[in-house]
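Novice: If you read the protein sequences in the order shown, they are chains Z and X. Numbering-wise (the working numbering), the first sequence opens with residue 1 and increments by one. Numbering-wise (the working numbering), the second sequence opens with residue 1 and increments by one.
Think of the hints as simulated: they come from the structure by calculation, not from any bench. It is possible that some hints are incorrect.
Stated by the list, open to error - If you want a taste of the chain Z side facing chain X, the calculated C-beta under 7 Å gives, among others:
# : residue
1 : Cys8
2 : Phe86
3 : His88
4 : Gly98
Don't be surprised by glycine CBs; every beta carbon is placed ideally from N, CA and C.
Residue-level listing of the chains:
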Amino acid sequence: MIALDFACRLASFTLEVRARLVGPVTAVMGPSGAGKTSLLEAIAGLRRAQGRIAVGETVLHDDAGGVRLPPERRRVGYVPQDAGLFPHLTAGANVRFGARAERPRVDAAIEVLGIGGLLERRPHTLSGGEKQRVALARALATDPVLLLLDEPLAALDVGLRERIIPYLLRVREEWRVPMLYVTHNVGEALALAGEVLVLEAGRVRAQGPPADLLRVPALHTPDGLENLLRGRVTAVDEDGGVLRVEVEGGATVVSTWSPGRRVGDPVTLAVRAEDVLIAAETPRGLSARNVYEARVTSAERSGPDVLVRCALAPGPSSWLVRVTPAAADALSLRPGRPVWLAVKSHSVRCL
Amino acid sequence: MKILTGEEVEIVLFTLRMAALSTLVILAPAVLAAWGLARYRGPGKSVVETLLSLPLVLPPTAVGILLLELLARRRPLGEWLAARGIEVVFTWKAVLLATAVMSFPLLVRQARSAFEAVDPRLPALARTLGCGPWSAFFRVTLPLARRGVLAGTVLAFSRALGEFGATVLVAGNIPGRTRTLALAIFHESQVGRDDRALVLVGVTVVLAFAALWTAEWLDRRRARLLAA
């Protein structure tokens with residue numbers, strides 16, 4: 001268990017975290033600039049903090065107890081977003097750089113991450129995914145009590161992400177090292193984490209199992225505000241390139257086909273608030289596959305935009321739609337106004 | 001026919017020894033000073049930087065006078081040295097001191113910009129991998145800054161080879177004791193032996209060229225080893 005209770009001054013705000021993480025993998029989520037990387041740096045001892053940080057029985061930092069372990073004595077493996085390999089060393093020398101673990105364990109890390117063939121290579125000749133795996137092996141070789149991963153998959157394209165996740169799962173299963181995993185990707189959080197910690201402007205906004213957190217109707221991600229819809233696959237049309245999903249509340253949402261989904265599978269769909277069209281009348285001849293009758297329940301100013309909350313006619317589910325103030329005026333989007341929502345199946349992502 | 005007289009060969013060897021020794025003496029302190037300046041962000045940084053660079057812009061003769069003043073017996077340092085029977089002024093030690101002081105800022109400046117170019121997160125990562133601050137410096141920061149440090153070392157050596165103004169004041173121009181190449185060129189030209197002066201100029205050109213070329217070659221070999 002990881003016990004965090006500390007404050008840390010950043011340039012524009014103070015990061016204040018009080019949380020007990022049971023893991024074994026905790027996904028740290030939240031908008032950019034929420035303090036996620038600073039949280040990892042404070043735990044690793046690379047950023048000055050006030051308070052207490054403990055991993056299991058080991059106290060890494062405790063101002064009251066006068067404990068302030070330097071980074072080299074914390075045994076916390078840190079993998080930054082860009083992997084941070086030492087450019088003057090080969091991949092193998094990087095892996096062995098801080099090796100504290102016994103030889104077979106280091107070899108096992110190399111094997112689990114599938115980098116045996118890369119050891120003689122220089123970091124600049126490695127692909128993004130290879131760099132991440134080497135950096136992860138380097139951290140594992142120090143026999144850490146905690147792994148801190150900062151968006152390890154963010155720099156990779158979707159295909160590569162899906163190939164790395166199994167490696168991370170193997171690390172989780174075979175090493176049993178607790179992990180803090182910063183990600184913007186709901187799918188990764190669902191796949192890896194037993195628990196999600198949501199940070200916003202340096203504060204913990206929410207904490208809990210991913211399924212619970214994904215029950216919230218919308219989530220801030222770097223892609224913007226996303227509507228999250230939980231449901232079950234009712235039809236798979238690979239030739240037509242679409243999936244039909246019955247979401248909670250009864251509406252059917254058509255999303256683009258995604259590999260490996262079968263009828264009956266539970267899925268979570270994400271739709272960006274910007275990608276939803278609002279029409280004042282029944283739209284006709286639209287290419288969008290998803291058209292729903294709804295009613296405006298609230299319209300609030302949010303920065304330069306207006307966030308409109310709409311309840312679907314058939315059921316309890318509600319959608320957030322982001323429009324410009326001009327559009328809100330033109331359509332007189334006020335509570336009670338009946339509207340139609342339209343979304344292209346391409347704007348519906350299957351997480 | 002020999003190009004150089006026996007005496008001139010002595011001068012060349014003496015100059016090389018002094019330049020090499022002075023570079024060796026300043027290497028560690030200059031690299032540490034450069035590292036400190038690159039890392040330190042606080043009040044007084046620009047003052048220290050300016051002070052360290054001062055010998056670069058002051059007339060070397062001014063530095064020479066300051067050194068003489070510092071070594072004078074009425075000053076604490078001069079007194080301390082005299083009490084231990086250590087003669088500096090007008091000896092090879094004065095040559096060493098003058099060349100070291102004059103080339104120190106060159107090495108610091110070069111090495112500092114090399115250290116500043118190192119991504120500070122890399123040594124920080126080395127710390128999380130179990131390295132203490134010094135170990136992180138020697139295993140990550142210094143290897144990553146080696147090109148700049150090497151270039152600075154060669155510059156410092158070349159500067160030491162050619163140092164004149166400060167040397168002539170602190171060490172004099174004593175044949176067989178403190179006369180370096182630069183001093184010998186001046187001397188030959190003063191006494192009207194321009195042909196000998198020209199020969200010595202040729203030697204300094206060859207030495208400086210060799211030093212710079214060696215640095216370049218070392219750098220390329222490293223690059224090749226890195227690429228391999």
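Novice: Hint by hint, work out which the structure violates, then give me just those numbers in ascending order.
Specialist: Number 1 only.
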